[in-house]
Each structure stands twice: as C-alpha cells, then as structure tokens.
Amino acid sequence: MSFVRSFIPKIVLSAIIVITILSYFLGIVPLSNGVSIVNQYVIIMIAFSLPLGVINLVGRNIKNIQNKRQDWLLDIAMLVSLTVMTVLGIFFGVTNTIYLWLYNNVNIPVGAMVMALTGLYIASAAYRSFRVRNLEGSLLLVSAIIIMLWNAPIGAALFPPILPIGNWFNNYPLTTGNRVIFIGFALGVISLCVRYIFFRENITGEST
Amino acid sequence: MPTLWEYIFGALFFSFCIIGMYRAEKRGEQKMKTIPACNGIPEGIQRSVEMGRPVLFEFGSIALNLYSQYIGPALGILNEVAKESARLGAHLITISFDPPSTAIMEEIVKNNYILYGRTMEEMDNRYVAGTDRGFTVATLAILEREKPGAHFLMGTTSYDAVIVCQAAADIGAFQVAGAIQTFQLPVMSVICDYVLIGEEFAVAGSVFSNKLGQLGTIVGHDWAKAVLVGLLILGAILAQFGLKIVMS
Amino acid sequence: MSDVIKFIRIPKNQSKVIYALIIIVMIFSYTNPILLPLNVDLETQAYYNTIVDLPAGKTILLAFAFDSGQWGALGGAAIATLNLLQTKNDKILISPFSSVEGGLMIQRCLGLQKGGYNALGKYGVDWVILPYGPGDETFYAAMMQEPNGMHTAQGNKDYFGTNMENLPIMDNVHSHKDIDLLICIGGAGAGHQVRQFGVPYGIPILVADIAVDWAELKMFIDNGAVKGGIKDAVGSAELEKLIGIPGIATSTVAGLSLNHLLIIGFIVVGNIQYLYGRYKKRGGK
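As you go down the protein sequences, you meet chains D, R and A in turn. With this note's numbering as the guide, the letters of the first sequence map in order to residues 557 to 764. With this note's numbering as the guide, the letters of the second sequence map in order to residues 1180 to 1427. With this note's numbering as the guide, the letters of the third sequence map in order to residues 4 to 288.
Certain hints may be false.
[What the hints assert, rightly or not] Here are the computed lysine-lysine pairs in the BS3-like style, where the Cα-Cα straight-line distance is at most 27 Å:
id : chain 1 : residue 1 : chain 2 : residue 2
1  : D       : 566       : R       : 1289
2  : A       : 61        : A       : 160
3  : D       : 619       : R       : 1326
4  : R       : 1423      : R       : 1210
5  : A       : 244       : A       : 61
6  : D       : 566       : R       : 1390
7  : A       : 91        : A       : 117
8  : A       : 19        : A       : 91
9  : A       : 160       : A       : 125
10 : A       : 180       : A       : 61
11 : R       : 1210      : D       : 624
12 : R       : 1289      : R       : 1326
13 : A       : 91        : A       : 125
14 : A       : 125       : R       : 1326
15 : A       : 61        : A       : 117
16 : A       : 160       : A       : 180
17 : R       : 1404      : A       : 221
18 : R       : 1390      : R       : 1404
19 : A       : 221       : R       : 1423
20 : R       : 1205      : D       : 566
21 : A       : 61        : A       : 19
22 : A       : 244       : A       : 284
23 : R       : 1390      : R       : 1210
24 : A       : 91        : A       : 284
25 : R       : 1404      : R       : 1205
26 : R       : 1289      : D       : 619
27 : A       : 125       : A       : 180
[Stated by the list, open to error] Computed footprint of chain R on chain A, listed as stretches where at least three residues anywhere in the stretch have a Cβ under 8 Å from a Cβ of chain R:
id : stretch
28 : 207-216
29 : 267-274
Calculated directly from the structure, the hints in this document are not laboratory data. Ideal placement from N, C-alpha and C gives every residue a C-beta, glycine not left out.
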C-alpha cells in the first residue's frame, strides 16, 4: 500500500486524538479552538457521506431490477418511495401536508410494527432458550422472570413482594454488571487510543 | 476542567499502556490468553466456505458516529473477517445503515481483497436504509435470501439483536456477536455461538493481528484494571469504617 | 402426568402458536382495558421533580432522539414532557438528536400535546425548533463550544430556515453556559449525553429511554451523572400519572402487563416440557 494511503490517515488520526485529549486536560484555548474546527469538519464530512449511501442503495437496487433478482418488485417499491419522499422533502419542504401525512400514517406505523416484531421474537426465543439446563441457565431464567414481573405493573398487583426484589436486582446485580463491562471497555478504549497515537493499529485494513 | 484525580488516573493509565507496549516490543514476545470467540471467527468463515454459503458482517443498527469509540475495535475485527474471507474465497457481504461506516467498510474489504488477489467485482458492500428499523428488516431479508453460513454482528444494537440473531439461528448460521453495551447481551449470549463482551471486543482486533506493540497495550490496560480493582476493594473496606476517602 | 403434559405442551409448529396467542392477548387487552395501579419509581419522580423545581426563566434543551420504532415506548414520555413544560415559564430549545426523523417526530409530538401545536408559547420567543446536525457526539460538542456553538453548529438557522438573528429566544443562547437543563427523549443510553453535556460542562441531564437501555441509564442515575430517568412505556405512564394527563403510555400498560405474563407462561411451559422430557429419558412414566 502506498505511503500516502497507509501513513497519512494514521498521522491525521494520531494528531486529532492528541489535540482532543490535550484540549480536555490542559484547557488551552487555541487547542480547544482547534478541536472546535475539527468538529465542524467532521460534521461537514458526514453530511457529504450521506449521498454516498443513497448512491450505493440506488445503484444496487437498479442492478437487482435489471437482473430480475428475487423480489425485484420490492426494489421498485423502495425506489419509488425514496423518490417520492426526496422530491416532496426537497421541493415542498419537510412541513408540507403530504410529506407529514406519509410520515405519520406510513412511516410511524411501519416502524412501530418492526419494533413490535421484537416482542414476537422474544416470546419465541424465551420459550426455546430459557431452560433449566445448568446453573447459569437457571440463574438467567429466574432473573428474567423476576425482572419481567417487576417491570409490568401487573406483577406488583399479583405479587407485591416483587417490587423490593426487583428493586434489589435493579440496584445491585444489574448496575454492577453494567459498570464492570463499561469500565473494562473504557480501559480498552484508552489502550486503543495509545495504539492509534503510536501508529500501532491498523486502520485501513492492512493485513501484513 | 478535569479534577486532580482525572489527571492522575488519566496519566497513569496512559503510561501503563505505553510501558506495556514498549516492554512487549523490547522483550520480543507477549503471551496472551486465548479468547474463544476470536477462534470462532475463522471457524465460522471456514464453515461457510465448506457449505458454499456467504459470510455476513454487520456493525449493528446504531450509527457508528453515535458510538464512535466502538468503531476502532469493530474495524479491527472486520479486518480479520475480510482477510480470512479473501484468503479462503468466501463471499463476504457487509451491510451498514450509516453512510460513513459504509465507506470505511468498503476501504477495509478492498484493501484485503487486493492483498489476496481478489477482484473488486467480488466485493459486496451494501448500504441499507438510513434508520435502524429499515436496517433490521433489510438484514432479515438478506438472511432469508442469501442464507449466510456465518453471521458476525460486531458493534452496538438496540432492540433488533434478538430479531436478527434469532433469524440467523433459524437458518443455521454460525454466529459471533460483539457488544459493549449490555442492551442485548443476554439475548446474544443465549442465541449466538460466541460473544465478545466489553473489553474482549476492544482487544479482539489486536489479538488477531498478533503484533507485540498491540498485545503490550492490552497488558498495560490489565495493569490499569488491577489498580482500579485494588481501589474498589480499598474503598469498600474503608467505607465499612465510615471513611469515604476513596469514594470522594 | 403425561396426559397433563400433552394437554399443555405447545405443538411442533410452535412459533405460529406463540404469535397467535400474543396477538389474541393484545386484542383482548385493547378491547377490555384493565386499570392497574401504577407505583411511581424513584427515577420517574426525580425526572418530574427536576423539571418542576427548575426556577422560572431558565433555558431547557429538549432533545428528541427517538424514531418511529420507539413511538409506543417513548411517545407518551415525549408528549407528557411537553405537557409538563407548558406549565413552566422557561425557554425551550427543541432539537432533533441522533435521528434524521427527529424533526418529524417533534412536529408530531407538538401536534399531539395538550393545547395543540403552539401550546408552549410564542414561537421564536418562548420556544424554537433547532435543525438536525449530522455527527451525533461531534455535533453536540460543536453545539456546546464557546463562543457561539449553539448558532454556528446549527448553521445560524432554525429548523424552518429562519435566521437566528430573527429569533429573540436565541439572543441569549450561545454555548454551554446558557443551557440550564438537558432533557433527552430516547438516544440509546445516556453515555453520549454524559460525555458531551454532563462531564465537561456540568449540565443536569434527564433521559427517557426504552427498557433495553435502562441498564446503562440506571448506572448513570446511580452515580448522579443523570438526575432522573423514564423507563419505556411504564415510566411514561408513571409520568402521565404525575402530571395528571393520561395518554398513550397509560393505554398501553395493560397490554404490556398481560404480554409479560404470557411470556412468563411460555417460559414455564417450555421448562415443564423440557424437564418432563428429561424425566422420561431417565426411564420415568
């Protein structure tokens, strides 16, 4: 890989990490201004990358329609809805009646439906997976039942002691487990930053 | 402004990682405990190649620029998946719902494909929708149509992990998931074959690379963890006597 | 014994039976709503108290970071928060965080709040909708930066394209120094709010999030980084109870409860089948 493609990204990344860390710890105004400028650049870059995704999506869907791949009619539906919402949003604004109607009456119910699928899958997974096979499985099963009863108001109505038991679970094992994982990962990020700063990490997929 | 203790611990933990890195490079060796999930990734790819099925890699349904600190570890793992897929001739499908991540994934897969002499036409990087719900449904569609032999879910997910992992389990895919957030950890541990939790996810890329400098920083971060555990125990003991020095 | 097991076991095409039962229970709960007593959690009470106890004339940044998938869980919390903010005499900056749909979701919630779209007061004087900015944490950091991050990060315009010079509410809002409270509805945990608002600038934070993210959010509430939290639809229903205006969340809680019981039932039935299968393998009858 050429010098420009392999080394320049590492230098840029390292410089940004060092400047950001130093601006937080030292509070030097020029460094903070530098970070502020970098933030603006990142926002601009991300905004520019949004059309990239659309180009990828449209190109692939057109290719699928041309090749009449399985369910190619759905690709046509996708392209039509993309075009309609884009044209409405750009030329008529995001507050126009049709745009808002489509959002409120199509997007929101469909989105809520997708999230509701979780409930169905959870029920199916719970039936198949939460079994008393071993100690860990049993612990998972018991804690799942306690948390589910605690979360739903009917649990407290049917079995009042579930409230203090659920609160104990919420305050101690749940928070502890999360903190452990979070702290471990935060330390992992520190070591990752050190690798980036000292050019020890692959960032563009070099396999050597 | 940061407090005095933030300066002290920040400097201390940074130094540990730097010392660990140079120590490993100077010694010329660094032993590391194996992470089972790291062995699972090449296993999954080999299994897919044998079955003639593609490999599916995704970062999850939360935008990488929302959880940008997770991008580094996930990229390290993608690098390994792309390398193994390129080497073994697997059809690697990468999907993303976030445009910046799509561009980064393409770059990583392309670099590995070039190294192993594969053509750009074989690359299959897909941007699917701009929202997590669309991404979930698109992933389900890919799982149903392409029937991958291995499914790697590396990153952060919200409510969709159970849907996607269950669907992948239904088609018999070998699954390795990596997560820092505990959002869907219980579900992933029940459904997936292997799970990289928290810091395992952070260091997996380094374990794959097997480079001394990278492994040395993992040792440094273990020393930092030891200091924290010591402080926790000390704080807990002192708190019993009403002394809240460590807590404050 | 084996006859009992055969009676309660779920047949081989399990998934369809499970889904059918769930749908039946949902329909039943909507057609025959059961009024259940709601215990208000400490975290919900803290969320409510923080808003109520905020002195008048302060500036609140109300962030909408959820999309249509989380409408059922957080829609109630968003509308209840808007209803609560109507009773206060504060300046409200509404911003779509982390979601391209945020602006549309804001429009929807404003339309559904008590008193209609303009119930928060005069637009541009008492409240304003800020535009969406890509980049998530980078965008939040840019917004908070001095001297004028709140203007420059938004491109000096509001959501509708009006110049900020023409919006009196933005005359005294420039950076982190001018934000007195952040309320975030949604947002996948509280990590980025704590990193970009709480830790660097000490801005008090309130978060309403789905139950999946509760484990992480609870961690931040416990250590004081987040002052109060709303957990999913149940927390939203508790907030609606506190403000005395029942809404979407209150109507979904009954269905939620019954489905929780149903899933527990599935787990119990599954385990009875499993244990009976093991017992039979060992030669029992």
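Practice problem: Could you tell me which of the numbered hints above are not met by this structure, giving the numbers in increasing order? | Solution: 4, 8, 11, 14, 21, 22, 24 and 29
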